[in-house]
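A.B. asks: Those protein sequences? They're chains E and W, same order as listed. Residues 1 to 1257 in the numbering used here are what the first sequence lists, from first letter to last. Residues 1258 to 1408 in the numbering used here are what the second sequence lists, from first letter to last.
Where hints are given, some of them may not hold.
Partial list, computed: chain W residues near chain E (C-beta under 7 angstroms) [stated by the list, open to error]: (1) Pro1271; (2) His1287; (3) Ile1289.
Partner residues are not named here, just some residues of chain E that face chain W (Cβ under 7 angstroms, in silico) [as the list claims (entries may be wrong)]: (4) Arg583; (5) Gly584; (6) Phe587.
Straight line, CA to CA, 16 angstroms or less: simulated EDC-like cross-link-like pairs of lysine to aspartate or glutamate [as the list claims (entries may be wrong)]: (7) E:Lys548 x W:Glu1282; (8) E:Lys586 x W:Glu1282; (9) E:Lys586 x W:Asp1268.
Note that these hints are calculated values from the structure, not bench results. Since this is a predicted model, take the numbers as computed values, not measurements. Backbone N, C-alpha and C fix where the C-beta goes; we use that ideal spot for every residue, glycine too.
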Amino acid sequence: MAKIDNLAKVLVHDTFRPRVAVLCSPSAQALCEKNNLQFTQLIQPFCSLTTDLSWQEPYGQYIAPRGLCIHPVDLSTWKPPDNDSQKNRRILGNIVGQSLPPFPGITEDPSDQVFQKLHLNGRSYNYSLQVPQLTPWFESWRETFLKFYSEQQQSQHEFLNQFVACVLVIAAYEIKSPEDVSNILGKLSKLQLQHQQEWSHTWFFPAATLKFYLILHDNANDNITNSEGCYQSLRTTYGGNFCYMLRINSAGLESDEEIVSDVWSPYIQKENQIRRDILNSETLTVFEDIEPVNVDEPFHPLSPASEYPPSIPPANGEFSANNNENFLIRGKCFTQKDMQNVQIAVNEFIGKSLLPYVERQAKVMHESILNRRGVSKSFFSATKRLFGTGAKTASSIVYALESPEMITRKLADLYFLFGHYDGAYQLYHQIKKDFQADAAWVYYASSIELAALSHFMMTQSDPPMAVTRSFPVHYINEAISHYNDLCRMPEAAHRCAIIFCECLKHMGNFGEAAAIFIRMTSEDCDLRSALMLEQAAYTFIKLNSPRKYALHSVLAGHRYAKAGLRSHSLNCYLQAFQIYGGRGWKFAEDHVQFTIARHQASLQIYKGLMERLLSLLKTPTLQSAAQIQMFYKEFISAAGKLFEVDRTPRENVIPNVRSSGIRIVIASTGLPTGEILNYQLDPDSVEVSHWDSLEEQVLKESIDPSVIMFRPSRLIFDARTDNTVHPNVPCNETFYVEIPFYNPLSTEVSLRRIALKFDDTEAVESSVVDSMTLQSEEIKTLRFGASSSVRGMISFDYVSYELELGSVCVPFVQKIILKGPRLNSTKEERSGIVYAKDLRNKINVVGKMPLLQAEVENLPPALYHSQCTDFNLVLTDKTSDTTQKLRVSRVVLASENMNSCLEIRPSVASGSTGDLVLESVQKNYCPFAVTFDGSSSIRIPCLYKVPPLGDVATLNMLILYEIKPENEDPVVFSAFGTVIYRVIKISIKIPLLTSLRFDHSFLKKADILTAINLLRIQNLSKGRTVVIEGITFDTDAITIEEKTWQSSSNKDYSTLTLEPAQSCNVIFRTKLATNNFQSTDNQDFILCVDWKILQEPLQDNSANVSGTTVKGFHRLNIQRADILCNRDQSPILFQLRHLSRNKHDFNRIPCFIFPVELEFNCQKSGRFIVKIENDLKRTIEPDTQSLHTASSQAVYFIGKTSWTINAEALRSEKLIYNVALTRPGIYNIAPTVSVKTPEDGIHQTFELHSPFIIDQE
Amino acid sequence: MAVCVAVIGKDNGPMYFRTRQSGVEELQYHFIVSSALDIIEERVQSSGKSGILPGGVSNPGALEITRELYLGALTAQEEYKVYGYMTNTKIKFVIVIEESSTPLRENDIRTMFRKLHGAFCDLMSNPFYSPGSEIRSKRFHDVVNSIVAGQ
């Protein structure tokens, strides 16, 4: 609290110091310059009164002005106030800019010296803050501002900044005779007088200025008696109280000299800083019409310019000035004693001449006020009251200096300056009413401001005075608004505000202080507004309202940015971020983050910059696309700058690498790298168990029956596979890594040179994807190929890529984070969060191995239901290194339930084709022995039977190939210990179309070998015409002898055309080859129907364009039994041949007789006795009106009815009998046949049936 | 009708923010609700000052219990009126009402808040909801929907 106590009081003291003009003779100046100091600079550290002195105010009270400090001003360098507000503004800006704020969270050492750690209690939540402990930029701004204000103030409403006295300084050595004294002093006095005449309002008492004569005695050179003589003559001339001899520069004389610390630098540096700024601003504004003021050459008519060693080199600008400054040793001729002497001199001046002078002047003024009060008051105020409008307008009243109001004011200012606050308060209070009555608003505002200030100082004096009234806060507000609104003197308002905010803060009235600070912001000056808002923000901390603090910090930051002070702006935003960050106010947070990032980028403060920008892009944000685009642009440009600084690619998360979607594909060749179009999940991972069981079966049954622990071969590693084992990849063999990239932004992202970063960059060779563009929220998967030439473990942990935006291209890396599924089996796993290992990215490179590639050839892109199609399975030896001693010796082609879908074509099945030998065909697999010659290919012709239903057919083939050491080399073999094999999994999905439907039925047998069949063909395809080109059997055992197809239009009998949705019956006669009849082979016959489908041409004007034709065939299984007779049950076959319909005139000839041929077929040779019997019961009754009805018709067989035949097997014997009919009607003219075989006595009876119609002619 | 419903947590961070139309409008309501929080703070503070029991003994505990949860109209701008409500656990509800719609009676506003408070209590009763986190409950959302729709 003591510190704060000082602050407000010291501020008031510093601001309102009695000004003392100083005039030096050139020689005196030269003496001071031995120390590299001007005289004013020399005495500056000693300007405070150190002894307890007092003066008597007119009522006799003794006033001890504690902390009184004079403000020496060198008249020779004094210049008329410069009212160039633009320039001042720039200087103020520079001053603020030179004192950089710390950055919470960025400044390396957030020690307690820089930051104050605060815990704010936002009602129910604790905010922890880092707030700068000091705001030196504000303080130096305030100091400079007040200095400027005090210098520039030209109005006559106050006297606080006027020269109270004048000190004339001469050097002892220049006085050789008493005439010299008067000479030199005369010149100086003339100068003073000149100034006083020219600028009379800068003097407090122009009529009776106090002059103080100071002789500088150089201890090192001067003769003390000479100096004493001078001093004495001065004393006699001007009186002892107005002269003093100051002995300085005694260094080097005494042996026990002490090293004098440089007490001047802090003062001078500040001074120089401002001066430099003035210089700079002048060089900047040379073209403006400003009279150049060269501060280095003070216009002193007496002093030749050469005598002044320039404290600032004129030309070389700021840096040399700075350097020079540092090398200057100030006070080198000074001893401790000299410093004491200076202090004593100042005390003498104040105590012996200044205070008595003040006392005298106060008394004079006091009396004159008492005398003149009554008159003027009634005179002036009465007229005012009568005629004054009372309207609050900016008044133009200017009081004469001799007017009682002004004298009162002057006295009040004198009281105030010299510590008589009580008296000052009374007087201010008294005249403010007069001013108010006169509507002299400047005077009024100024007097209430000072009244309030006097009041404050009274409360702060030690011991505190008894104050009856509480602090008049309303005075301040009133003063500010009067200054601002009525007088148009914003700077006066600012001074008032700055000082009072400090006072209010000291008094603990933070709310009011903050309000005043905020009031001081305006449109016209960004810098001031920024400073004020910032101070207001810090004040809100004291008020425990973090939200207001944050808001005002942001406002201040904004104004700072507008004023071009990025560091300060950054600090403010960082302050605000401590409140806004992570609280869920997304918009506010994003705005603050973005602004911070921008400032950081432009200030090149890179700590945490990328994280900040990423956090803007990372979170699912509500921002619009344009906003995101802006964030992204900033991100890229910042990253580009950062990369230029430290050349290492940063970690990034844009675009997201979907680590879990990473897929490793091994034992494949020739996959295209780069972007994967139509990315689909491989069925391998979907039906793992299916493949595994098949592999296990084949392995155990065909390759190595001794296997006990079966471990399925993995070709794919992705999120769904068990990734606790490393992927094994042989040396020099390419494996593929597929990585999905997701762009979470609503803006397009372009990537370049995307590559995997392997830990072993020497041995691993991997592909680079040149470029990729991701649209908003798009996922694309890239495939990389890689291979390692060295055995061992390799892993990729990063993806490297460059992000491109416009002309900027910035490299980044992104870590691949893989974790397996969450485990939930043990108690620890259940109670914690434990994930399984995922070793997808850690690849075990093993020894070299042969590699086969399997491809499917000639498989059409689309198939029809139940169609059969030929294709070739092409196996190619892709072994990269043929010198190795391992060879593929066997290949097993396996598929679940292979019979129903896959067939090895006869060409292979029948025998060997050199390097491929089919061993056997099992239910699910068929092994081949193979010999690969170099990089040759082996084709396995296959037939694929398309399933009859569904939209998509999946052809799954598992190919295992066994690897044996060449020449059965036992050494190599034993190295592996067990059988080595590798696996290829092929899964092809083919879309299916509906096409033809076939219904086969057996009509009847013509004889033992021939049969009549009906094939019904339906065209079910959608809008396609099908042409049936041929119906054949695939074997010689059966042939088609004759076929007819009932087609309405087609006269061409070689083909049959079916329009969409048309159907057609085909009747054909099959004849079994004689030699096949006896075959015991139970295989069914396969009927091949060749067809072609005309794909409709596109709807095009040109009729010439014909559609494409797809050729194919269907295979129908025809059961052998349908065509062959059942040998056991029906060894004999009969066939009747006769007319089917006839007409006969029964009226003329009552009996119609015609022959009927009965063909007899038998499978065996032998002697048969055949007898035909007429069974009357089986006569068909005529049932239609068109036929003559007859109650008793009969069929009569006439002629031979019994035969004995020696039949040969499979030959037809013709037996002819005659039938006689007596009436028209429908008859069954077939007989009942009984056959006897005399050898074995078998007797068989066949009832035959054959209708016959006879009409009346 | 209500155009914006916000639930603000203890730390003055939004737990739930719903505007009639999502997107562009939302930023504006962030401003409104955020500034309303300052007023809530002041209201609660001032009610705390006045809550000195007879005899000059301040009893904050008793005060908390008897404090009226409904804070009334916070600010009224040209187009909107902002109403506030603070639960005993310092959860603040803010409802922004469009001025142009048919005038609502004080009772209607109170009903809205009661409804919201009820839904919030239900939400807190859900063991899977971790207090203070963002509200994603569908049920709560439905209640807010009904408030926004003016049912």
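A.B. asks: Hints first: check each against the structure and report whether it holds.
C.D. replies: Okay, the hints, checked on the actual structure:
no., hint, result
1, Pro1271, "5 angstroms, holds"
2, His1287, "5 angstroms, holds"
3, Ile1289, "12 angstroms, violated"
4, Arg583, "4 angstroms, holds"
5, Gly584, "4 angstroms, holds"
6, Phe587, "5 angstroms, holds"
7, E:Lys548 x W:Glu1282, "24 angstroms, violated"
8, E:Lys586 x W:Glu1282, "14 angstroms, holds"
9, E:Lys586 x W:Asp1268, "15 angstroms, holds"
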